[in-house]
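Could you put together the complete structure from these sequences and hints?
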Amino acid sequence: MSVRTRFAPSPTGYLHIGGVRTALFNWLFARQHGGQFILRIDDTDTARNIDEALEPILEGLRWLGIDWDEGPGVGGPYAPYYQSQRSDRYAAAVEKLLASGHAYRDYATPAELDEERAAAQAAGKPFLYSRRFAAFDEATSARYASEGRAGVVRLKMPREGVLVIDDAVRGRVEFAWEREQDHVIQRADGSCLYHLATVVDDHDLAISHVIRAEEHLSNTPRQAFIAQSLGYPLPTFAHLPLVAEPGSRTKLSKRKLDKYLKNQDFKQIMEHGLKIAERIGLAPEADTFNPVIVDFYREVGYLPWAIDNYLALLGWSFDDKTEYFTRDDLIRCFTLDRINSSPASFDPKKLWSMQDTMMVALPVDEKLQLMLPFLVRAGLLTDHPPADAVETVRRVIEAAGDRLKVAGDILIYADFFLVDEPVMDEDAVAKRLAKAGTKPLLQTYAAAIEKLDAFDTASLEAALKQVVADAGLKVGDLVHAVRVAVSGKTVGPGLYDCLVILGREKSLARIHRALPLCADA
RNA sequence: GGCCCCAUCGUCUAAUGGUUAGGACAUCGCCCUUUCACGGCGGCAAUCGGGGUUCGAAUCCCCGUGGGGUCACCA
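When we follow our numbering, the leftmost residue of the first sequence carries the number 1, and every step to the right adds one.
The set of hints was computed from the structure by calculation and includes no laboratory data.
Wrong hints could be hidden among the right ones.
No farther apart than 30 angstroms at their CA atoms in a straight line, the calculated lysine-lysine pairs in the DSBU-like style are these [to be verified]:
#, residue 1, residue 2
1, 367, 451
2, 350, 251
3, 435, 489
4, 251, 367
5, 367, 259
6, 262, 405
7, 321, 275
8, 349, 367
9, 262, 275
10, 321, 349
11, 367, 435
12, 275, 405
13, 431, 506
14, 349, 275
15, 465, 451
16, 275, 256
17, 267, 254
18, 489, 474
19, 474, 435
20, 474, 439
21, 489, 451
22, 275, 254
23, 435, 451
24, 367, 275
25, 349, 262
26, 267, 431
27, 267, 256
28, 267, 156
29, 431, 275
30, 321, 367
31, 405, 256
32, 350, 256
33, 435, 465
34, 321, 267
35, 489, 439
36, 451, 506
The structure is reproduced here in structure tokens:
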């Protein structure tokens, strides 16, 4: 039997980092076995704007390189891949379950159900529906209907025995049938619910392995019941450990951003992202600008494979040492039996570190291609920048070296090269230029580099050392001042690299322009 | 609360009965250094508790304890 896995997102408008981990594991498993990875859209509930709410999810997956063999955009032999378009299959399954006595029509009102639930709770007993308004034949149905009651279809769960699931991650798991509710599978309006739909689809699409998060483990009995009642063989289940909050074991949730921001590591990642977002005019208040959502990383300029690689290690490991994988290596190494069963908390610092390592290793040309769009969006470059501007950026990237952690960092390191006049940071000026004695030093250095034969890093450095030596001072007394004078800030690539990239003329102009900011001494 | 799952450094994890319990991130110290960053060297740091089984337990069993998930006409 060929391996077929699926990722079945609901069109919610965003791709959750935990969802990506699930998708990734399904994808890896399918790729390793030469099987198919299917994308199915579980939209049984949401009726409106599916396209709009789905696009960010598809885009996120594409960006991450998680490609699907069947599903939206690519079609496939089992189309359609939207649950909203498969309702006739579900209706047929419901009829079959009704006919075989595995389900029944129920006419209890929500209030009557609440009453039973409250009574059970008062008695300290687990709630189990009495089936008081169940209709097992047409006549009873008709009678309830004539009373104005609306009917749903419920599963008629077994009330004895145990279900044994052999989970690929957790091993043998047992459930007592008597603890299972008579879940609703079809609403009063005839539409079907998730559990029914997912079982029918997994069977119809010939899914061999259902790899999903642990939160679905307790849903498994009702799904197994539906499958068995319909005569379907059970797929292999693999329940993944939850992706938990930083420093905790609670499920990671998009809505708890405020809480996570109290975590220093998380906060740092967010604030760094915000700094970049601000420069490219992104609305940081946007719902999706959140490190729990994949969009955040794409917009800030992370490398997609860094996300994949990091996420692969959340709940899975290859051995005691290997942490960095190429795409092919990961596909080759991945196995279900090395998936962990305890929750794994999301550590933004570890992700950052992998991102850092991968970005450093990236060839300059590739960095350039990733970074240019950020400069365009920030208005520092035009849509089709002239070759000399691109060359400047390339030289900045080389000079900045490993200071560039994400593509968006180019905005912090390249901005002052690309404008006529750098923005002078007040604190930087106060700290490095306003000091007494700085002005004559700068003037002397300006005069020295004006006369330099070769305007290169070695000559610039030698000249600077000569100037401070003549004045009986230290390198630090001048180098910081020059940096602020030409760039407006205290941090950046190596100073001599900056001067060379700017060129003699601009460097001199900037130093002269900064002189009035110095204290008169 | 019922049911289910889980339990090794702060975090991700390795060790599938025999290791001084290993690695990575974070952290701390030192070195390098014109800023920032990188890098180098070193340090701190864990088997939840109690009983068994065994020559021997992080590993197997039981009981506690703790954490988590789930209990919808959501997915």
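Would you pick out the hints that fail for this structure and give their numbers low to high?
1, 4, 5, 7, 11, 28
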